[in-house]
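Same order as they appear, the protein sequences are chains L and R.
1 is the number of the first residue of the first sequence in our numbering; add one for each residue after it.
1 is the number of the first residue of the second sequence in our numbering; add one for each residue after it.
Be aware that one or more of the hints could be misleading.
[Said to hold, decoys possible] Going by beta-carbon spacing under 8 Å, a handful of chain R positions derived as facing chain L:
1) 57
2) 59
3) 62
4) 63
5) 66
6) 70
7) 116
8) 118
9) 162
Read the hints as simulated data drawn from the structure, not as lab findings.
C-beta atoms are modelled at their ideal positions from N, C-alpha and C, and glycine is treated no differently.
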Amino acid sequence: MVVDIPKDMTDPKTKIEYEYPKEISMRSYNPTVKGHPGQIKRALDLIVAARRPMIYTGGGVILSEASEELTELTKTLGYPITNTLMGLGAYPGTDKQFVGMLGMHGTYEANMGMHECDVLLAIGARFDDRVTGDVKQFCPNAKIVHIDIDPASISKTVRVDIPIVGDIKAVLTDMLKELKSQKKNIDSKAIASWWKQIDKWRSADCLRYDRNSGLIKPQFVVEKLCEVTGGDAFVTSDVGQHQMFAAQFYNFNKPRRWINSGGLGTMGFGMPAALGVQVAYPDAPVACITGESSIQMCIQELGLAQQYHLPIKVINLNNSYMGMVRQWQEFFYEKRYSQSHMEVQPDFVKLAEAYGHVGMRIDKPADVEGALKEAFAMKDKLVFLDFVTDEKENVYPMIAAGKGQHEMHMAPEWELI
Amino acid sequence: MRHIISLLMENEAGALSRVAGLFSARGYNIESLTVAPTEDPTLSRMTLVTTGSDEIVEQITKQLNKLIDIVKLADLTEGEHLERELMLIKVVANTAEQREEVKRMTDIFRGRVIDVTDAMFTIEITGDGNKLDAFIEAMQQSDILETVRSGTTGISRGSRCLHI
Chain L
1 MVVDIPKDMT DPKTKIEYEY PKEISMRSYN PTVKGHPGQI KRALDLIVAA
51 RRPMIYTGGG VILSEASEEL TELTKTLGYP ITNTLMGLGA YPGTDKQFVG
101 MLGMHGTYEA NMGMHECDVL LAIGARFDDR VTGDVKQFCP NAKIVHIDID
151 PASISKTVRV DIPIVGDIKA VLTDMLKELK SQKKNIDSKA IASWWKQIDK
201 WRSADCLRYD RNSGLIKPQF VVEKLCEVTG GDAFVTSDVG QHQMFAAQFY
251 NFNKPRRWIN SGGLGTMGFG MPAALGVQVA YPDAPVACIT GESSIQMCIQ
301 ELGLAQQYHL PIKVINLNNS YMGMVRQWQE FFYEKRYSQS HMEVQPDFVK
351 LAEAYGHVGM RIDKPADVEG ALKEAFAMKD KLVFLDFVTD EKENVYPMIA
401 AGKGQHEMHM APEWELI
Chain R
1 MRHIISLLME NEAGALSRVA GLFSARGYNI ESLTVAPTED PTLSRMTLVT
51 TGSDEIVEQI TKQLNKLIDI VKLADLTEGE HLERELMLIK VVANTAEQRE
101 EVKRMTDIFR GRVIDVTDAM FTIEITGDGN KLDAFIEAMQ QSDILETVRS
151 GTTGISRGSR CLHI
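In isolation and in its complexed conformation, chain L is listed as follows (with noise of 0.2 Å):
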């Protein structure tokens, strides 16, 4: 939403009288908030008739505020749950029946488990292309079904089987109401053995990185960073690699946690967006993880950051690359590095200090966790902590563009089961 205030309306001397109207209504765009109890049931006979079921959920799910609801239908049918970029918090990334983030960087078994569904349950997200990659090859053997509060939403990259359109906590606690009261059975012969096919992609560990390369991978970084703040603090990102690593490691227990700018791409968000937080909730630990290319965008925000005593920690991965330019380029364009380098930085410890803030460089891997508690114990202290990372680094799995659900790269030092 945007308000454009004309100049002139800001003129000492104008007067403008308006008075607030007592009752706000449009005749056209109304939202249905409930969802049409017949698709709800129909959408239930086939979930619960699911012998490999999967939950795909998304950013709406935080926006509708129906975490609780989304965690309680899991639970109870004990099915496993994959969230989007923008849905991760939405349900607890530490439960044992969540299979990590689907789609280009999402996790081996969350894409394999998306590639083999017999149903699949969609929840206030869109089927982004990051998520899909090749669409003619998406979830080949399901039945989908799709709660959204946009019509628009449903059926516009993906052929959706049962649509539900309504707002998700609404359809959710309906859903969950009617769960209860129709005690269908779950096929729980059929749930235990999907449950041993994902425990077994599982095995694969497809999130592993080198722990003994004597350089600090960014992965260890963002690792360290949840384990310090408890897997408890808001943690803002710019775009690239970082924001994948942060989206991977970061364990985020709970929804508006996890605040990027998603399918914008916007490099330069993480600071503003870490500084809002903060302004919000001045005593909760706040991370912004970005990387030395995506923090320059808006690095003149360190000045507000003195201004208005905002203790952010910037939490910056510098690998002297715009990382994510420079795997597309060694992947898909020959290894020929063009405008990806960062050959010349700044001294970020100076740059801090210069606006008044702690710097600190880091560049072995023992140092990581100390500084990271340095950092959080300065409760009052802006702190720009400089990792110096593997410039070599990518981010795995990955499912190149165009590509189905099953064709992910691994990371190369080892094999897939």
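Could you slot chain R onto chain L? The hints should help.
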């Protein structure tokens, strides 16, 4: 397939540009578009002719419905409907023979000659698009100086109405 989408929309500045913007941003095709106020001066009625697969037309109607300016919408081609288009056409009519021929054609197509000089006729003709195409075809042996078409408008047959 060809679809005729009828819209009731707010009769306000910017409403038309939002509809046109939606079509251009999403790459949908507009064959013709006509719009004018209704008996309720706060509402305009737009008739939009577009082509696309069922999936695309479904998306078009859903996306149009999301625009705040659009109050109500119907796809006329889903049911029995009438469609009409107005054309004004100016043709050369110099000789007595030419004038006789053009007049006869106009009568056959139930058109009307609405302006005359010693060198040309201006003819008004209504019908669906095919009829207007056929008239242009029939006029080919005369010299056509100018044509202008209003674009298709339409209405449902019977008691079905698009109103609020």
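Outcome of the hint check:
1. 57: Violated - the Cβ of residue 57 of chain R stays beyond 8 Å from chain L, reaching only about 12 Å at its closest.
2. 59: 6 Å, holds
3. 62: 4 Å, holds
4. 63: This hint holds: residue 63 of chain R lies near chain L, its Cβ roughly 5 Å from the closest one there, short of 8 Å.
5. 66: 6 Å, holds
6. 70: It holds, given that the least Cβ distance between residue 70 of chain R and chain L is near 6 Å, below 8 Å.
7. 116: 47 Å, violated
8. 118: 54 Å, violated
9. 162: 14 Å, violated
Of the numbered hints given earlier, the model fails hints 1, 7, 8 and 9; all others are met.
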